Amino acid sequence: MPGGIPRQVQRLDQGQPDAAADIARIATQRDPLAADPLFELAAIEQARGRSQEAETALAKAVELEPANAETWRRLGELRLTALNDPQGALRAFQAAYYLDPHAPYAPPREYLDGEPAPGMGAAFEGQKQTMEGWVVTTSDERRWVRSLYDAEARYVDANVGRIVAALKQRSLYDDALVILTADHGEEFWEHGSLGHGQSMYQELLQVPLIVKLPASRRRAVETKVVATPVSTVSVTPTVLDVAGVPYSPREMSATSLAPALDGAALQPTPIVSTAQMLFDRRETVLFDRYRYIVSTLDGHVELYDHGTDPGEQHSIADSSPELVARGAALLAAHNADARALARRLGLQESTRAIDETTLRRLRSLGYVK
1 MPGGIPRQVQ RLDQGQPDAA ADIARIATQR DPLAADPLFE LAAIEQARGR SQEAETALAK
61 AVELEPANAE TWRRLGELRL TALNDPQGAL RAFQAAYYLD PHAPYAPPRE YLDGEPAPGM
121 GAAFEGQKQT MEGWVVTTSD ERRWVRSLYD AEARYVDANV GRIVAALKQR SLYDDALVIL
181 TADHGEEFWE HGSLGHGQSM YQELLQVPLI VKLPASRRRA VETKVVATPV STVSVTPTVL
241 DVAGVPYSPR EMSATSLAPA LDGAALQPTP IVSTAQMLFD RRETVLFDRY RYIVSTLDGH
301 VELYDHGTDP GEQHSIADSS PELVARGAAL LAAHNADARA LARRLGLQES TRAIDETTLR
361 RLRSLGYVK
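Residues in the sequence shown are numbered consecutively from 1, following the numbering used here.
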């Protein structure tokens, strides 16, 4: 990610600061939406004195070539190599971002399981066309598309395992805080579509959150699965708490999970999501066992009882006016708090023209036409 490149350059560069700084400058001047792992790869290669490899990666990034499997493999190797620096590793913060599992679904063949549906191969690149309705898949084809996604998940799992193994090999694992999570789920026709960004249902909003505490914080807390939902927005204050970094809770959008990780009871709180990208502008709040969804365009309301309908297939909004009113009130309170926080932080909504480079990147990801 562009924001992390200067720090990596500063720590790793030993002999070519000008070239490394140029790469960092180019990367950080780009819009965050146009971020590319090739920039990170270029910065690290240059910082390690591999100028030709850095120039190759940078040229691909500037031309908006997509990162391929070799790019991610090399980036993973360099991330692991960075842990060999004993002075830097002891205080390192490393965010390892993996694009997969993500469309196009094209896992390495060794992670495939089963045989493709007739007429299909080891990759599926029709997610956008399927979402738009131009591609209609059979039940066997849908099974295989889901299998490809599962294979990508296994591929990422293996690479995360390599990082964990490297931490253990370097005697860093016990004292490390390790957090694994994701930015969204994926729909596989649970509500008639494929992909993400098109709805506010459970299959898109529920993601894993796995936390391994440093040995000094584990105490008597045993490994367990917690069913109480939390927000990924809590990750930032949790990391700061565990790392002992002071911060103002008033400047956070959610509370830290550190007390619960230390053994305190986890108190259920409403979980809000407001970032639907496609087709509509819906917002949702999960409270108690209910999910409330509302369209900010036409006011259409849905309400689901996870106790009897975990797949969110049968709305009870018409028969539950009190629960609908409660969901609406919780969502309104959240949005008011968010606006107040934005004012305290000096943030303002604005519009601006999108440059052609950013538009090309968004088109390549299928987010705009």
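Among these hints, one or two may not hold up.
[Unchecked claim] The calculated BS3-like cross-link candidates involving lysine-lysine, where the alpha carbons are at most 27 Å apart (straight line), are:
no. : residue 1 : residue 2
1   : LYS212    : LYS369
2   : LYS212    : LYS224
3   : LYS128    : LYS168
4   : LYS369    : LYS168
5   : LYS168    : LYS224
6   : LYS60     : LYS128
By construction, these hints were calculated from the structure, which means they are not laboratory data. Remember, it's a predicted structure, so these values are computed and weren't measured experimentally.
Each hint tested on the structure:
Annotation: proposed proximity of LYS212 to LYS369 is violated, straight-line Cα distance about 41 Å (limit 27 Å). Straight-line distance between C-alpha atoms of LYS212 and LYS224 comes to about 11 Å, which keeps the hinted pair within the 27 Å bound. For the hint pairing LYS128 with LYS168, the CA-to-CA distance comes to about 40 Å; that exceeds 27 Å, so the pair is violated. Distance restraint check for LYS369 and LYS168: the Cα-Cα separation of roughly 45 Å exceeds the 27 Å cut-off, and the hinted pair is therefore not satisfied.
In summary, the hint linking LYS168 to LYS224 is supported, as the alpha carbons are separated by about 21 Å, within the 27 Å threshold. Proposed proximity of LYS60 and LYS128 is supported: the alpha carbons are some 24 Å apart, at most 27 Å.
Hints 1, 3, 4, counting from the list given before, are not met by this structure.
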